[in-house]
Structures are given as structure tokens and as C-alpha cells.
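Q: Below, each chain spelled out in residue letters.
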Amino acid sequence: MTAQEAVAFLASKRRTVLLGGLAVILHGLSRNTKDFDIWLDPLPDVQSWAAPIQQLLTREASLQAQQISSFGGWKPISVGDVPVVGSKDRLIRIVGIERPIDVFFVPNEFEAVDFEGVWERGISIEHGVRLIEAIDLIITKQLTDRPQDETDIRFLTNKIEAQYRERLRTCSEAEAVSMLDRFATPEIAAIAVRESKADSIRAVGWRILYEMRDNGDPFAAEFITEMERERPAKVEELLRQQKKPPEQDQDLGRSL
Amino acid sequence: MKSYRPNVEMQKRRYSLRLSLLRLRKGKPLPTQAIVSNSEPWIENPRSLADAEAISDSVERSMEGWSLK
Chain A
118 MTAQEAVAFL
128 ASKRRTVLLG
138 GLAVILHGLS
148 RNTKDFDIWL
158 DPLPDVQSWA
168 APIQQLLTRE
178 ASLQAQQISS
188 FGGWKPISVG
198 DVPVVGSKDR
208 LIRIVGIERP
218 IDVFFVPNEF
228 EAVDFEGVWE
238 RGISIEHGVR
248 LIEAIDLIIT
258 KQLTDRPQDE
268 TDIRFLTNKI
278 EAQYRERLRT
288 CSEAEAVSML
298 DRFATPEIAA
308 IAVRESKADS
318 IRAVGWRILY
328 EMRDNGDPFA
338 AEFITEMERE
348 RPAKVEELLR
358 QQKKPPEQDQ
368 DLGRSL
Chain B
18 MKSYRPNVEM
28 QKRRYSLRLS
38 LLRLRKGKPL
48 PTQAIVSNSE
58 PWIENPRSLA
68 DAEAISDSVE
78 RSMEGWSLK
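Sequence lines, in order, name chains A and B.
For the first sequence, the numbering used here gives the first residue as 118, with consecutive numbering after it.
For the second sequence, the numbering used here gives the first residue as 18, with consecutive numbering after it.
Just so you know, these hints were derived from the structure itself, not from any lab.
Be aware that one or more of the hints could be misleading.
With a Cα cut of at most 30 Å, we get these calculated DSBU-like pairs of lysine-lysine [unchecked claim]: (1) K19/B / K276/A; (2) K45/B / K314/A; (3) K130/A / K19/B.
Build the full structure now, drawing on both the sequences and the hints.
A: Structure below.
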């Protein structure tokens with residue numbers, strides 16, 4: 118059995134989302150990776166999650182399950198231990214194939230209830246597997262501190278920024294506000310301020326930049342310095358009003 | 018739905034790298050005519066698990082082939 122066949126088997130039993138390095142590759146970055154990372158539907162419970170993995174391991178004697186060892190590396194576990202380990206470690210590894218498969222119960226930064234949304238936003242590829250959406254993929258990588266993840270995040274961020282730049286020019290105000298609420302970088306917030314014709318979108322852009330600057334983001338601070346040269350001095354006073362509820366964004370944007 | 022904002026520590030590292038590169042250039046402006054990307058993808062528009070694996074394996078082989086012995 119190949120790793121792809123094993124993934125296809127799991128996907129035939131439960132909804133399956135592709136994460137990790139192979140997902141980054143399908144989003145367009147050429148890099149190498151040693152394993153498959155997949156998220157199997159974790160609801161309603163860990164037993165349901167573990168069932169197809171246990172079926173696979175029982176059917177294919179050459180495959181074996183492993184758990185992360187506290188001393189580094191991986192150690193073998195029995196088929197019966199899969200639910201317990203999945204619940205505790207939030208993933209197990211399947212080996213005995215050309216490429217190990219890391220099967221997540223719940224990936225970093227997500228809860229089990231988030232699966233539905235991640236699945237809905239995913240892109241169908243094959244065998245019923247869905248490719249995780251780019252923003253969700255970045256979110257899974259936020260907590261890890263490996264150089265490769267930083268590279269992945271930069272690549273995905275650039276890709277999303279390019280899409281946002283296009284969409285922010287033409288989308289409705291409500292859609293723009295929703296987009297910026299979900300994903301924003303200093304570059305995107307600056308685009309919203311500089312290029313949007315809608316006051317409310319520009320105001321949201323300003324608010325995001327100020328929040329980021331206050332949190333210590335040097336790029337946000339630089340954008341603000343640049344753009345403050347381009348606008349009246351009364352802005353500081355108006356931006357202080359941004360601490361107020363979002364419904365005032367439109368009024369603030371108009372005054373800017 | 019989860020929201021994404023960049024990690025501040027990562028942003029500081031990026032900013033620091035940018036300042037270092039600017040210092041290396043010693044204030045010289047960027048060339049007005051840059052060479053456009055001349056690289057070719059392993060697979061154009063990869064859309065399947067097999068495509069993703071093929072790219073990963075190609076990168077791996079290339080890294081091994083070009084590594085200094």
C-alpha cells in the first residue's frame with residue numbers, strides 16, 4: 118500500500134483535510150517534505166476519529182501507529198491505543214509506507230468544532246480529500262517556530278495579500294470589512310487605507326495599523342509614519358475615537 | 018472563524034533583515050530594471066496528491082544532487 122492509497126482509504130471513511138508541507142506545495146511553493154499531514158473529522162468524539170485509522174492498521178499488517186516520544190522522535194503504539202493517544206497528543210503517525218502520515222485529531226490553533234468551517238473553506242482535490250484554505254493553513258503554523266514554517270507563512274501571506282489587493286478594489290464594503298477582520302497584515306491594512314474609496318474600509322485599515330503598531334509591529338509603525346505625512350494632523354485625535362465601537366468606523370473614515 | 022494577524026516577533030525579524038539588506042546596499046537605490054523571474058515550476062498548477070509528492074521528491078533529489086560533498 119502507498120501513502121496516497123492509505124490517505125484515500127481514510128478519506129473514504131471520514132472527511133479529510135490535507136495540511137502541512139504537501140498543502141503548502143499545492144498552494145504553489147516548491148519545497149520538500151517528508152510526510153503527509155491530514156486532519157480527519159474529529160467529531161463527534163475521538164472514537165469516531167480513530168475508527169478508520171484502526172481499520173486501516175488492522176487491514177494492512179505492514180502499517181504501524183506511532184506517537185510522539187517525550188524524548189524526541191516517535192515510538193510504536195498498539196492499534197487499541199490510537200484513540201487515547203489521539204486525544205492526548207492530538208495526532209498519531211502511521212508508518213510502514215514510503216511517506217509517513219501524521220493524522221491530526223486537532224491541529225495547532227484549532228479546536229474540534231473548527232473542523233466544519235475548515236472543511237467548508239477547503240478546496241476539493243481528489244479521493245474526497247480537501248486542501249486546507251491558505252488562511253487556515255497559516256493559522257496552523259502560527260505556534261510552530263521552525264524556519265520552514267516561517268518561509269511557508271511568508272509565501273502564503275504574499276499569495277493572500279495579492280488576492281486581497283485585487284478584491285479590496287472591487288468588493289462591497291461589508292465584504293471588505295469581513296475580509297480585513299479575518300486576515301490582515303500591515304501591507305494589507307495600508308492598501309485598504311491608500312486604495313479604497315470607501316471611508317469605512319479606510320477607517321478599518323487605520324484601526325488595524327494602529328493596533329499592530331501598538332502591539333510592536335515595526336512595519337505598521339513605518340506605514341503610519343509614511344501615511345501621516347500624507348494627511349492632516351487632526352487624525353491623531355480622530356483615531357483615538359477608534360477605541361469606540363466599530364459602528365463608528367464609517368463616521369471616522371468620512372472625517373479622514 | 019479564526020482570524021490571522023502576523024506574529025510580532027516574526028515581523029521584527031523581517032524588519033531587522035530588511036534594515037540589514039538596506040545597510041548592505043549602503044543607500045544605493047534599487048536598479049530600475051530588475052530581471053523578471055527566470056525560474057520554471059516543477060509542475061505547473063499542481064492539483065493532486067501525486068503532484069505534491071512529485072514536487073517534494075524533485076526538490077529533495079535536487080537538494081541532494083547539488084549539495085556540497
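Q: For every hint, state whether the structure bears it out.
A: Results for each hint:
The suggested pairing of K19/B with K276/A holds, with an alpha-carbon distance near 19 Å, which does not exceed 30 Å. For the hint pairing K45/B with K314/A, the CA-to-CA distance comes to about 35 Å; that exceeds 30 Å, so the pair is violated. Pair hint K130/A plus K19/B holds up; C-alpha atoms about 27 Å apart against a cutoff of 30 Å.
Figure legend: structure checked against the earlier numbered hints; the only hint not met is number 2.
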